[in-house]
Amino acid sequence: MRAVDIVATAIGNSFRSRLRTTLTVIAIFIGAFTLTLTNGLGAGVNNYIDSQIASIGAPDVMNVTKPVVATAETEGPQPYEESGSTEVSSGVGPPGSTVQAMTDDDLDTIRAIDGVRTAAPIVSVRPDYIEYGTEGKFQLTVSPLSAGIRVELAAGTMFDTASSNLQIILPTTFIETLGFTGNDDAVGKTVTIAVTNALGEQTTVDAVVVGVQEPTLFGATPSLNEPLTSTLYDAQNVGIPTGTSSQYGSATVTFAADATEAEVAALKADLVTAGYAGTTVTDQIGTFQSVIDGIILVLNAFAVIALLAAGFGIINTLLMSVQERTREIGLMKAMGMSGGRIFALFSTEAVFIGFLGSTIGAGVAMLVGGIISQVLADGLLADLAGLQILTFTPGAIVTVLLLVMGIAFIAAVLPASRAARQSPIDSLRYE
Amino acid sequence: MTTPVLSIRNLTKHYGSGSSRFDALKGVTLDIADGESIAIVGKSGSGKSTLMHILAMLDAPSSGELIVDGTDASKLKGSRLNALRNRTFGFVFQQFFLTPNTTVLDNVMLPLKIARIPSRERTKRAMAALEKLELAEKSSSKAVDLSGGQKQRVVIARALVNNPRIIFADEPTGNLDSATGAVVEDLLFELNRTQGITLVIVTHDEDLAARASRRIYLKDGLVIDEPAVGARHTREVGA
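Those protein sequence lines, which keep their order, are chains A and B. According to the UniProt record's numbering, the first sequence is numbered sequentially starting from 1. According to the UniProt record's numbering, the second sequence is numbered sequentially starting from 1.
Some hints could be false.
[Stated by the list, open to error] Quick look at which bits of chain A chain B covers, simulated, 3 or more residues with Cβ under 8 Å:
| id | segment |
| --- | --- |
| 1 | 406-415 |
| 2 | 423-429 |
[Unchecked claim] Facing chain A, from chain B, some residues (calculated, C-beta under 10 Å):
| id | residue |
| --- | --- |
| 3 | V5 |
| 4 | S7 |
| 5 | K113 |
Hints are computed from structural coordinates only; laboratory data are not their basis. All C-beta atoms in this analysis are idealised placements derived from N, C-alpha and C, irrespective of residue type, glycine included.
Here chain A stands alone, though its shape is the one from the complex:
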């Protein structure tokens, strides 16, 4: 029998007992459906987290602090350091965490480390209020992270990096409160931001709204461009003794965008040797992603258990099929069909049943998932803009199909080899 005849005959045979094939296909359908949905859920959530990571920092950016040397209780106090011993709030980690303040000397040291492209201090700006027109004054908090920000814009454009104009990007939640009629209305308008300096005097700075951003998982705070940040920082530091104003909680270090994980690890090790600690955004979000991956793994395990149960369904179906067709197998052998081809015939039938179940399962899962995803995106999850809770990638779908057909093939081994081993005469005598 030629391969094409084996496939055609196997497909024909699987339709000969429709009810039995249908029931087996339903069992596989349930497994494939579940597996496709859980995979889609994992891909959807992870895609969302990836886009969120991009919005708080680029992959080529590292946050560097100078940690207080750890002191075990038995060791007693550490020696006093003449320079740079001031502790400041770290700004990251649990409240109350402190790090040693960094000075311009520290920044020079960091810049000298191999692999560091730029090093800039992260300055903390504490504006009093933001105001547009006559709607009143509103509290304003800005995120200390400034470098490498990539935001999802609802209107307008990103900062013009070449420009020295004072620019701001507002979150969508600010738009109506401040008195704009819509996202597009805000772009190009000028807002007023006030800061209080060390002497207690309030000064105002005008900035142009260049874009409106979607809120992210990490809150909705406006982003300032570099010139605006430094202008506000300078205004805020009027009256502070010069020694204190050049102390920073942390610094932003950029490195090559195409750096490998090993190179990043080497850079971190160099920073540690020099007395600093570097954390990439991926490090901070990585834990979160591991939890999601763990949950998806457990869900996938359930789907695979369903598929294993379906595998026994296939074994059962095929055993019955082999039993029913004992005389037919005997006849084919008497007519010179080899055992190998009998095996191929029955295992192809199983793989075809697997193919049917998994294609229908994955297809229906994509259809249902698409609808659920859309409904959730418009309803329950509307606050998380850009989240498609179920995302189906061709790679994942193909993997599910191949996995199911693989399980079907393994399930076919026992019945098919039983059929292949049958002696023609025993099969013909079988009643």
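Since the structure of chain A is provided, determine the placement of chain B on it from the hints.
Quick look at chain B alone, frame taken from chain A:
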């Protein structure tokens, strides 16, 4: 004399062992010449079906040798054995062994499918075989919908579609009424006469056996003299 197409020497076959041992064949020697029609006659339990199964290489003998076309059958293995079965033998069984829910054409094409003959060619040859048996108009019917005589004619079409040298017929008329049986008998002997296909018929039916050019009588696993059977025939008539 030409080399016999099938030749067996001191063939024995037993099933089981110890006290449950059953000797189906106790040493049979037989030559079947090319183009001959031979009837293997005996009651049930005489070993006639076992002999046919061994001749058709569906079963292996316990001892003795089978020579097919000058080749020792015990040395044939795997693909050579399968090719020999496919090209040399055709089968007609009492129970038909048709696949019920597939078409007559598909049933007839099965040996050609196994022989890896391309689709167009095998349809042509299967249709030719069906026409020979006046079943062309039934080609797309399901095998299950045919009458007994039609089924046996489909089986004969399947047996001869691959131009075999030998057709083995195991009680070919056993499930048919006498009129239909006679038609099937005529068909088989006509194939033997016109196409020179060697015919090996296993039967307990004396009338069918009488039409064969030679008869082998089996009793308890041994070949017995033909005249003895002639006497039995006389006795039966006399009784």
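Now the hints, each set against the structure:
no., hint, verdict
1, 406-415, "violated (count 0)"
2, 423-429, "holds (count 4)"
3, V5, "violated, 17 Å"
4, S7, "violated, 21 Å"
5, K113, "holds, 5 Å"
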